[in-house]
Amino acid sequence: MSAQPPATTDALAVLDNGPRDRLAAIADVLIPAAHGMPSAADVLTDDRLAFVLRARPDLIEPLRAALRPELGEDPQRRLDALASEAVNLGALQLVIVAGYYTDKGVRDLIGYPGQMAIEVKSWLYPPYLEEGLIDAVLARGPVWRDPTTGKRAVVEGAPRTYEERTWSTTASTAAEGGNDGDDGA
Amino acid sequence: MANDPADVLIIGAGASGGVVGKRLAEAGFKVVCLEQGDWHDKADYPGIRLDWELQQRKQWATSPNIRQLPQDYPIDDSDSPVAPLMYNAVGGSTLIFAGAWPRALPSDFRVRSLDGVADDWPIDYFELLPYFYRTDRDFGVSGLPGDPAYPPDTEDAPMPPLPIGSAGLKIARAQTKLGWHWWPEFNSINSTPYDGRRPCVQRSTCQSGCNEGAKASTDQTHWPKAIANGARLVTNARVRRIETNADGLATGATWIDREGHEHFQPAEVVVLAANAIGTPRLLLLSASDRHPDGLANSSGLVGKRLMMHPFANVAGLFEEPLMSWQGQFGDLIESLEFYETDEKRGFVRGARWGLAPTGGPINTALPSRAGEQIWGPDHHLHVRSHLGHGANWGLFAEDLPDEANRVELSSTVTDGSGIPAPEIHYSMADNARRMLDFHIERAKESMEAAGAFKIEVDRLMRFSGWHLLGTARMGDDPKTSVLDRWNRAHDVPNLYVVDGSCFVTSSGVNPTSTIVAIALRAADHMIETRFNQQVPA
Chain A
1 MSAQPPATTD ALAVLDNGPR DRLAAIADVL IPAAHGMPSA ADVLTDDRLA
51 FVLRARPDLI EPLRAALRPE LGEDPQRRLD ALASEAVNLG ALQLVIVAGY
101 YTDKGVRDLI GYPGQMAIEV KSWLYPPYLE EGLIDAVLAR GPVWRDPTTG
151 KRAVVEGAPR TYEERTWSTT ASTAAEGGND GDDGA
Chain B
1 MANDPADVLI IGAGASGGVV GKRLAEAGFK VVCLEQGDWH DKADYPGIRL
51 DWELQQRKQW ATSPNIRQLP QDYPIDDSDS PVAPLMYNAV GGSTLIFAGA
101 WPRALPSDFR VRSLDGVADD WPIDYFELLP YFYRTDRDFG VSGLPGDPAY
151 PPDTEDAPMP PLPIGSAGLK IARAQTKLGW HWWPEFNSIN STPYDGRRPC
201 VQRSTCQSGC NEGAKASTDQ THWPKAIANG ARLVTNARVR RIETNADGLA
251 TGATWIDREG HEHFQPAEVV VLAANAIGTP RLLLLSASDR HPDGLANSSG
301 LVGKRLMMHP FANVAGLFEE PLMSWQGQFG DLIESLEFYE TDEKRGFVRG
351 ARWGLAPTGG PINTALPSRA GEQIWGPDHH LHVRSHLGHG ANWGLFAEDL
401 PDEANRVELS STVTDGSGIP APEIHYSMAD NARRMLDFHI ERAKESMEAA
451 GAFKIEVDRL MRFSGWHLLG TARMGDDPKT SVLDRWNRAH DVPNLYVVDG
501 SCFVTSSGVN PTSTIVAIAL RAADHMIETR FNQQVPA
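Chain order of the listed sequences is A and B. For the first sequence, the working numbering assigns the number 1 to the initial residue and increments by one for each residue that follows. For the second sequence, the working numbering assigns the number 1 to the initial residue and increments by one for each residue that follows.
So that you can see chain A by itself, here it is in the shape it has in the complex (with noise of 0.2 Å):
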């Protein structure tokens, strides 16, 4: 690994402008803009770098062996040298893959809004009943193997539909007691 600075609280300054326009060639060859998607060059700014850095301060010195000057200027030359470094490639591949889909505009562009809260609304009757998929469902059986038999268990009076399931004597309602949460709100 060549000599290089130590870590700093400042992402952005374990890369001087050598290493910077190496990271910028290698974006360009591995998501080049294409498609109606911009290259992962334009996206990888100073601010998203230094975000994926500050999330992943690992990252730095495995990014710093894959951009060393040893490997050249050539992109496709460097990546085919690090094929045997897995983890200074794997390191590269993630900070540019993470700088460009942590970018707004590019998750504009994919439809991708993040990992979004979504109420689950658990008093609605769920597609699935409402298809008929459970009771065809039931209607094979059991599908357990009885231990005594060694065979797929035969009980009398199995429910061969939803509705017989939610009526069957043999079942009782939810359980009582430990239903005092708060509402979610």
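Treat the hints as calculated values from the structure; they're not laboratory data. Glycine included, every Cβ here is placed at the ideal spot set by N, Cα and C.
DSBU-like cross-link-like pairs, simulated, lysine-lysine; straight-line CA separation at most 30 Å:
hint: 1; chain 1: B; residue 1: Lys177; chain 2: B; residue 2: Lys444
hint: 2; chain 1: B; residue 1: Lys454; chain 2: A; residue 2: Lys104
hint: 3; chain 1: B; residue 1: Lys444; chain 2: A; residue 2: Lys151
hint: 4; chain 1: A; residue 1: Lys151; chain 2: B; residue 2: Lys177
hint: 5; chain 1: B; residue 1: Lys454; chain 2: B; residue 2: Lys444
hint: 6; chain 1: A; residue 1: Lys121; chain 2: B; residue 2: Lys177
hint: 7; chain 1: B; residue 1: Lys177; chain 2: B; residue 2: Lys344
hint: 8; chain 1: B; residue 1: Lys58; chain 2: A; residue 2: Lys104
hint: 9; chain 1: B; residue 1: Lys225; chain 2: B; residue 2: Lys42
hint: 10; chain 1: A; residue 1: Lys104; chain 2: B; residue 2: Lys42
hint: 11; chain 1: A; residue 1: Lys151; chain 2: B; residue 2: Lys344
hint: 12; chain 1: B; residue 1: Lys454; chain 2: B; residue 2: Lys177
hint: 13; chain 1: B; residue 1: Lys454; chain 2: B; residue 2: Lys344
hint: 14; chain 1: A; residue 1: Lys121; chain 2: B; residue 2: Lys42
hint: 15; chain 1: B; residue 1: Lys344; chain 2: B; residue 2: Lys444
Label pairs and their in silico Cβ distance ranges:
hint: 16; chain 1: B; residue 1: Thr529; chain 2: A; residue 2: Pro113; range: 50 to 58 Å
hint: 17; chain 1: B; residue 1: Pro478; chain 2: A; residue 2: Glu61; range: 45 to 53 Å
hint: 18; chain 1: A; residue 1: Ala50; chain 2: B; residue 2: Trp39; range: 29 to 37 Å
hint: 19; chain 1: A; residue 1: Ala83; chain 2: B; residue 2: Pro81; range: 20 to 28 Å
hint: 20; chain 1: B; residue 1: Glu127; chain 2: A; residue 2: Thr149; range: 15 to 23 Å
hint: 21; chain 1: A; residue 1: Arg152; chain 2: B; residue 2: Glu127; range: 15 to 23 Å
Now the stretches of chain B that chain A is said to cover, found in silico as 3 or more residues with beta-carbon under 8 Å:
hint: 22; region: 169 to 183
hint: 23; region: 380 to 388
Given chain A, work out where chain B should sit, using these hints.
Quick look at chain B alone, frame taken from chain A:
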């Protein structure tokens, strides 16, 4: 305070430790728990932040060898195609587990009798059933009652099922078309407000902690109640060994704090709840003149018979958007169609299928599980075709016990406290390989029936050792088992093991539901036999 003797010392504050701690504290026992990790604030979990996928690959990785946090210990897994996964904290691996909550099935406890391989358990499904109901209530389980893959229940899950999403519905229709079993998955994730915790919001970041507290983890479901009943939970406390006296009884544990200071916690009873790698590691570390091969190891089986459920992934890609980055990670639906033995298939036992969400854009854009790398202009087409367009069948193969699959102490690797690390030796059996190959083909048929335009297969995923089982098996014969049917060590009458180490066979389902039911049963037995319990003078 640290030296106050305990009635019961629990080592490990995860799933089984939480269950035993809560139950014994409620019963009036003076409980102390030593946990090498710490408490987490759910507001700090990364799932609500932009850097979530970045953190999930390091700080919140499921492998301790990748995280390398101060509370983690390294595991030499170089002799295994499967990497063991765990988390060290109050709540243990329940912080990062998916929350899928299937029970072991009746046949799982009778593998020798039914299929002529491995061993029968000394207990059965029906004996565990009342404990399943109680742990379902304590953890908070959502599910649709009536799954015909199981015997009829007399008590339903406490909450209605979680949604199965567009991907779940698509695959459910395909399974129905094929005439194959499927069912909405039971998850220990709230679908409604429950026990002071909020409902799931489908964010799908379950494996890096649940920001809502909707997924059950014992730091929320059990330890606060145990502490309210007087339990003392000591964090950042790494146990070095269990001590014994001249009578061969456990007297407590020596532990090391984060500053490196050594302490001794005396106790009348010691309960190990440190998972099927941490527990045998501690038993082996506790060797003495009286127990030269490790504590509770007269059978020679401590650390042996490690089982981890070889795991394959079959991903289908669909033209229409499914928004499959959302949804509980615990599983949307499951199938047990091919779970039971059919010898015509060329192997015994079977596998459970669980359909899971597919992850965010960083996971999608990087070289995939199946090894596919697409860079250059087509990278964009790859991401567009994969992100939110996939459905993943995860296939958990039953892992039969093999004494060659084992946990030992490393002679070269130590943890941050200088304690020998565990090393594992594990290979996948031919039976499991044939089993996974069969199930992969059937899962591909399921995806084809659903209309997938492309199917990608990962035939054995390395970072899939979520289910650590079998390294201190229970049984009636002290020559062939470490624990008795009540989880008590045959050799040490005041030592219990309540984690997945006790499993005789692995089943083919996610084991946490079964682990905690067995742990609760063991705790009940400790209470019932408290006046006959042999303790050090």
